[in-house]
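Participant: Letter by letter, the chains look like this.
Protein chains: 2
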Amino acid sequence: METIEHPRLMHAWADRVRAAGLRIGFVPTMGYLHDGHLSLVREARQRADRCVVSIFVNPLQFGPSEDFDRYPCAPERDAALLREAGVDVLYRPTAGAMYPEGFQTQVAVAEVTKGLCGRSRPGHFAGVTTVVAKLFNAVKPHVAVFGEKDYQQLAAIRRMVADLDLDVAVVAGPTVREADGLAMSSRNANLNADEREAARCLSRGLRAAQQAIAGGERRAARIVERAREIVAAESLAGIDYIELVDAATLRPVDDIRRPTVLAMAARIGRTRLIDNVILPGRELEG
Amino acid sequence: METIEHPRLMHAWADRVRAAGLRIGFVPTMGYLHDGHLSLVREARQRADRCVVSIFVNPLQFGPSEDFDRYPCAPERDAALLREAGVDVLYRPTAGAMYPEGFQTQVAVAEVTKGLCGRSRPGHFAGVTTVVAKLFNAVKPHVAVFGEKDYQQLAAIRRMVADLDLDVAVVAGPTVREADGLAMSSRNANLNADEREAARCLSRGLRAAQQAIAGGERRAARIVERAREIVAAESLAGIDYIELVDAATLRPVDDIRRPTVLAMAARIGRTRLIDNVILPGRELEG
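Chains as they are written, first to last, in the working numbering: chain B, 1 to 286; chain Z, 1 to 286.
If you are wondering where the hints come from, they were derived from the structure by calculation, not from laboratory data. Among the hints, a few may not be true.
Pairs involving identical chains hold if they fit within one copy or between any two copies, as the list cannot separate such chains.
25 Å max Cα-Cα, derived DMTMM-like pairs, lysine to aspartate or glutamate [to be verified]:
| no. | residue 1 | residue 2 |
| --- | --- | --- |
| 1 | Lys114 | Glu101 |
| 2 | Lys140 | Asp49 |
| 3 | Lys140 | Asp15 |
| 4 | Lys140 | Glu5 |
| 5 | Lys140 | Glu225 |
| 6 | Lys140 | Asp167 |
| 7 | Lys140 | Asp67 |
| 8 | Lys114 | Asp240 |
| 9 | Lys114 | Asp78 |
| 10 | Lys140 | Glu195 |
Please model the entire structure based on the sequences and the hints provided.
Facilitator: What follows is the structure, given as structure tokens:
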């Protein structure tokens, strides 16, 4: 596995690979890798001839009171995991190469970033779309794989790719969960034992909502309420939002006739976690 | 010459050309071509194996009270000129292909777009950088050529390319002028005979300022004042701005020690014209 640290060297690698007629698959990450990331890497490898993974903890997407300074980090372990997973290039640009003196350009997606996490994390998604645009321009992938756990991020990137005529196929990888249901996240490392136990309430809330749907419930308010009861019962959890939204526009919906997403964010101690389930559209009966 | 009207078809063409190991040169325009555009085409052809010219009158970069509806247009004449100039592809996307329902992404450069034209044309440069990002992503050029007449646009695009790690070499082509000094612009077509005569004041003002510099003047205020006297003496002209700014940051400067640009905008009747001269840095003497 080759490590590349500068956009210009990444360009040169990508040009060589493309000139040889090979397809480039790409998985952008912030490191501290877990099985969720590795499942995205497998997906990228299946869809391309060469696989690039980036590790860059992007300061632009953290608010001033957020956890940039305590975002977990294990560079040697990450590199070993990626080597083992058959990754060809680890793209690990320095902050100085990414945001040199005078940097002043922003890529922003307006509508899909307004609600959900966008409400409590102003500027977060502009930071995400800006850095992903940079990473795409550096790596020149044919296909890029993102996790469905960060559903709003996925929707923003799909929108950006369509709107900016980027020639990149965006593929979504399903959320990978721990045995007890907790969605894998690098931030889970910041939970203590009690918080780790409490964090189960997110996936339990989603499961309860899905059971309500399986029992015939179609109304958004009732579905959300089922999830909310579970999370609210957990004393260590503080709900940021639980919402049922259209799967493409992320606008709130009244029922689940179209494809929707039940998305939630909650603080467990100092750690903010997100989770969601994607619901295929179901006709209202009767 | 091939005409391509959709980003996805443009991608396919660009991939074929790049796979053949050929370099793509690109000149984005809004059509109604003049010798200034054609000089940029010659530059692009010299620097690449294939030449793409786009014609797209971009609604995003016109304010609500601006001249989008009366921007001059001559599609058949333009196509003939480009064919004659040896252009390989005319990329002429439709507005529907560029901004379909749900479009919501913006690429914006903050600092260099604040002053000069940015003050009287809010949103203009975000429209420019957004459409140029789209055009770059569609055409995948190795090199793109922009006119120095639109100096602030050139500075914004250079900044965008650097900030977003775009693998495109941006080349500037010198302003081409009519025999009497008027900078060529598609908008000159909107001038009546009296206005056309009056429009000479812009380049005359710049020339007067350059003469002052040749005579030893280094102070920005005096240099600007020389240009302003000339333009203000023209009764049909309304000055928007005349400023001496740093050539890279576009911040106002006090003298011309570093490379600077003397830039101006003025309304001649209903037509807004711009012009500038680029001044190499000169040490203050004595």
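Participant: For each hint, tell me whether it holds in the structure or not.
Facilitator: Outcome of the hint check:
{"no.": "1", "hint": "Lys114 x Glu101", "in the structure": "between (29 Å within a copy, 18 Å between copies)"}
{"no.": "2", "hint": "Lys140 x Asp49", "in the structure": "both (13 Å within a copy, 21 Å between copies)"}
{"no.": "3", "hint": "Lys140 x Asp15", "in the structure": "both (8 Å within a copy, 12 Å between copies)"}
{"no.": "4", "hint": "Lys140 x Glu5", "in the structure": "both (15 Å within a copy, 23 Å between copies)"}
{"no.": "5", "hint": "Lys140 x Glu225", "in the structure": "neither (44 Å within a copy, 49 Å between copies)"}
{"no.": "6", "hint": "Lys140 x Asp167", "in the structure": "both (9 Å within a copy, 9 Å between copies)"}
{"no.": "7", "hint": "Lys140 x Asp67", "in the structure": "neither (30 Å within a copy, 37 Å between copies)"}
{"no.": "8", "hint": "Lys114 x Asp240", "in the structure": "within (14 Å within a copy, 36 Å between copies)"}
{"no.": "9", "hint": "Lys114 x Asp78", "in the structure": "neither (33 Å within a copy, 42 Å between copies)"}
{"no.": "10", "hint": "Lys140 x Glu195", "in the structure": "neither (40 Å within a copy, 49 Å between copies)"}
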